[in-house]
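Participant: From first to last, the protein sequence lines stand for chains U and L.
To convert, count from 1 in the first sequence and add 594; that's this note's numbering.
To convert, count from 1 in the second sequence and add 15; that's this note's numbering.
Just so you know, these hints were derived from the structure itself, not from any lab.
Warning: the hint list may mix true and false statements.
Straight line, CA to CA, 27 Å or less: simulated DSSO-like cross-link-like pairs of lysine-lysine [claimed, not checked]:
| id | chain 1 | residue 1 | chain 2 | residue 2 |
| --- | --- | --- | --- | --- |
| 1 | U | K793 | L | K257 |
| 2 | L | K319 | U | K862 |
| 3 | U | K1046 | U | K934 |
| 4 | L | K74 | U | K1019 |
| 5 | L | K156 | U | K784 |
| 6 | L | K350 | U | K1027 |
| 7 | L | K153 | L | K188 |
| 8 | U | K639 | L | K350 |
| 9 | U | K1018 | L | K65 |
| 10 | U | K639 | L | K156 |
| 11 | L | K350 | U | K763 |
| 12 | U | K1027 | U | K821 |
| 13 | U | K763 | L | K319 |
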Amino acid sequence: MIQNLPELLINFFDYIFFGFAMAAISSYIILAIISAFETVNYMKKNSFVNYTEILSSSISPSISIIAPAYNESLNIVENVRSLLSNHYVNYDVIIINDGSKDDSLEKLIAAYDLVKVDYLINNQIETKPLRKGVFKSTNPAFEKLIVVDKENGGKADALNLGLNISTNKYVACIDVDCLLLEDSLQKMIKPFLEATDHKVIAAGGVIRIANSCIIKDGKLLEINFPKNNIVRGQILEYLRAFLLGRMAWSKLNGLLVISGAFGLFDKKIALEVGGYDTKTVGEDMEIIVRMRRHMEEKKEKYRVAYIPDPLCWTEAPDNYKIFISQRNRWTRGTIETLKKHRKIGFNPKYNSLGTLSYPYWFLFERLAPIVEILGLFYFSILIITNNVVWSYAILFLILAYLFTVIFSIITIITEELTYHQYTKKGMGLQLIKTAFTEPILNHPFILYAALKGNFDYYFNKSIKWGEMTRKGMSNI
Amino acid sequence: MLDLLQNSIDAFNNSHPLIRFCIYLSLLFIATIALLLVYLKNLRDRLRIKGRIEATYQKKYESDLIEYLYAGDDKNINAEQQKIVDYLKQCGENRLKRKLIIATLLKLKNEISGETADAIQNLYYKTGFINSATSKLKSKKWDSVARAIRELTLFEIKEAHDEIIQLINHPKKEVRNEIQKYLVQLFRFDGLEFLNVLENPLSELDQIQLLEILNKFNNMEVPDMNNWLRSTNNSVISFTLKLAKIYNQYGAKDEIIALFNHPNTEIRIEAINVVNHLGIFEAVEILKEDYFTRTLEEQIAFFKMMEEMSMPDDVSFIREHIQHDNFHIRISVMKIMNLITVDSDNTFKVNTVTPDFTIDKDLTIAS
Chain U
595 MIQNLPELLI
605 NFFDYIFFGF
615 AMAAISSYII
625 LAIISAFETV
635 NYMKKNSFVN
645 YTEILSSSIS
655 PSISIIAPAY
665 NESLNIVENV
675 RSLLSNHYVN
685 YDVIIINDGS
695 KDDSLEKLIA
705 AYDLVKVDYL
715 INNQIETKPL
725 RKGVFKSTNP
735 AFEKLIVVDK
745 ENGGKADALN
755 LGLNISTNKY
765 VACIDVDCLL
775 LEDSLQKMIK
785 PFLEATDHKV
795 IAAGGVIRIA
805 NSCIIKDGKL
815 LEINFPKNNI
825 VRGQILEYLR
835 AFLLGRMAWS
845 KLNGLLVISG
855 AFGLFDKKIA
865 LEVGGYDTKT
875 VGEDMEIIVR
885 MRRHMEEKKE
895 KYRVAYIPDP
905 LCWTEAPDNY
915 KIFISQRNRW
925 TRGTIETLKK
935 HRKIGFNPKY
945 NSLGTLSYPY
955 WFLFERLAPI
965 VEILGLFYFS
975 ILIITNNVVW
985 SYAILFLILA
995 YLFTVIFSII
1005 TIITEELTYH
1015 QYTKKGMGLQ
1025 LIKTAFTEPI
1035 LNHPFILYAA
1045 LKGNFDYYFN
1055 KSIKWGEMTR
1065 KGMSNI
Chain L
16 MLDLLQNSID
26 AFNNSHPLIR
36 FCIYLSLLFI
46 ATIALLLVYL
56 KNLRDRLRIK
66 GRIEATYQKK
76 YESDLIEYLY
86 AGDDKNINAE
96 QQKIVDYLKQ
106 CGENRLKRKL
116 IIATLLKLKN
126 EISGETADAI
136 QNLYYKTGFI
146 NSATSKLKSK
156 KWDSVARAIR
166 ELTLFEIKEA
176 HDEIIQLINH
186 PKKEVRNEIQ
196 KYLVQLFRFD
206 GLEFLNVLEN
216 PLSELDQIQL
226 LEILNKFNNM
236 EVPDMNNWLR
246 STNNSVISFT
256 LKLAKIYNQY
266 GAKDEIIALF
276 NHPNTEIRIE
286 AINVVNHLGI
296 FEAVEILKED
306 YFTRTLEEQI
316 AFFKMMEEMS
326 MPDDVSFIRE
336 HIQHDNFHIR
346 ISVMKIMNLI
356 TVDSDNTFKV
366 NTVTPDFTID
376 KDLTIAS
């Protein structure tokens, strides 16, 4: 028995890693199939919607766009102009200057003729205090704009102040540097207005990468494919996640995350759960999980909706340092959220949230990088102990690589059949090239970032957000 | 070279079945990638030329239609016109071409008026497009049915009414929505007859769309709404309350007041908002009587109403709520007290101190 122990252990680990890989691949295939059906269904249904009727109606519900800004002086004026140019009728824009050390506020005051006003704030959620106060424009052209200057408290704290200030039924929480398309609000509000037998508590849109695109006066004029390989890889990664992943989770009513870059919320529910958690770096995921948990515990029928249309364009990290820092934060956010809401996990009381979404996120988002690292470690031991059957190893590696490439090409085809954004000649070839290079150029860094995220979460608690140096989309 | 190939084949034949399976799978994956790439290339090429083809055909159909319109009388068409009709009929058998012809017909119909517009309408009959649209109403595919109804709406085909109304409780909401829009677009308020028989809920989006259509027409006689306000379908009541508000239906006040006791909270709140809009003062005392048994949302709506409708007699009732836990009620109380007591008691604002909000000077409420 003891003599056979090494062999037994090797067999045991072989089965574990093989089983995990098969489960992951199966889940991706199943999600992709569900996504395909749901996308076709969505496109068919959407062809009957006249968005102009929603946007021009005076009875369309009111929305507040809440955009926290920290040291965004470089582009703040153009970004706000973009937010103010939305075609929706019934909305306002609340910019929260979260203790910026630069001249963001002064620039806004000058550009939009702002003056300090007295403002009643319903402090339903505790936040950091105001610094210079609340500002509104004297120019009627900017009557939708409210600028709030507060002490620095982080993104979640700034969003919470926005929730306190908003007087509207719905709030769109966005990153101020994001470019929202003009019809984004009416597309996002649609699921809330369509629901009759359930409540839509939040909706998320697709985030697209704007690096190298031409943007003028807050409008996306030309979509280009960047030359930078890290950005290219992220474009494909985002397409995969949004077109082949979230669409399926939306169908299964299992969405656990809405991108912090752009999400629309039912303000009443967001306030009922206490707003954003200021103690986590993954506040965008955490609030969705908390809102869902709240609805499950109230035993009310609800949905978290997802809009597959490309509505929001953002700048992605274009160097490995910032890329790793961003993914590190995502990893810590996931760990924090799953840990905080561990009661939900594998708990049938929470329906699909407890039995499907949470286990999936735990296994294939939380544990996947750890399993991958353990796999590599195990492989190294096998090499050292001369226990590798190289023909198997190489073939499995080739199969995994080819499967990833197939999956990426299917993503590109889905993009072509649906939104067809990368229309210029040559872009197809660039996308295909990226499908072949991304697993080599981007994946190792994602894995490293996830590992570092785990390390930092357990051993380096002082790390919080990390810096994102913006080049500015309008200057790209 | 041949030796290497032979060695490889031998190695393959002598290998473990799992290795052989993996090799087969790899080859399958490579073949799949090759096929997907060919398909992707083809797809991108097709998408790129699709726009050009559509533009070419659209131009062609537009010139054909203009030629038809100016070639002679619409009632007694000549040979040249008949040739165009036959050509359009033939093209209409192709789905894409039919779509382009319909789009061109509608474009011209919207751009011109009078006899020429009637001629386009008649052409819709002569080409037989109306028959294909009405026959699609029986289709098993819900999207074909919805598309047909939309087309009949755009060409204002009132004759299809009887056939369409039968589908009003269609299981697909997209079809129901197209029917509702057909009825209201073509028959205005009379089209709202479907509210009497509607079994499914009317979503907020449906309601917005219908109100937007009605908003386009002026000088219409608003029908009696009392029946709809008594509907067992809550969404019908909700929609009727919006109608009552927009069209100032003061005559429906008794039915609206009766909704203060409706089992659905949302409807009770909407009824209070409508009463506020219509300025039905008798509602104030009714709501005051059972104010404390109402939900917080109703109480907020009540105080919002009182901002517009309170009288000096209400001061003692309102003053009782000055320290209310709810922010919105406190704001309303302050606004009302400010309005009512501004002449006699201007010290109100100075005396009000509550811990969790601040007032510096005047109130500024975000719009």
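Participant: Which hint numbers doesn't this structure obey?
Facilitator: Going through the list in order, the structure violates hints 6 and 8 and respects the others.
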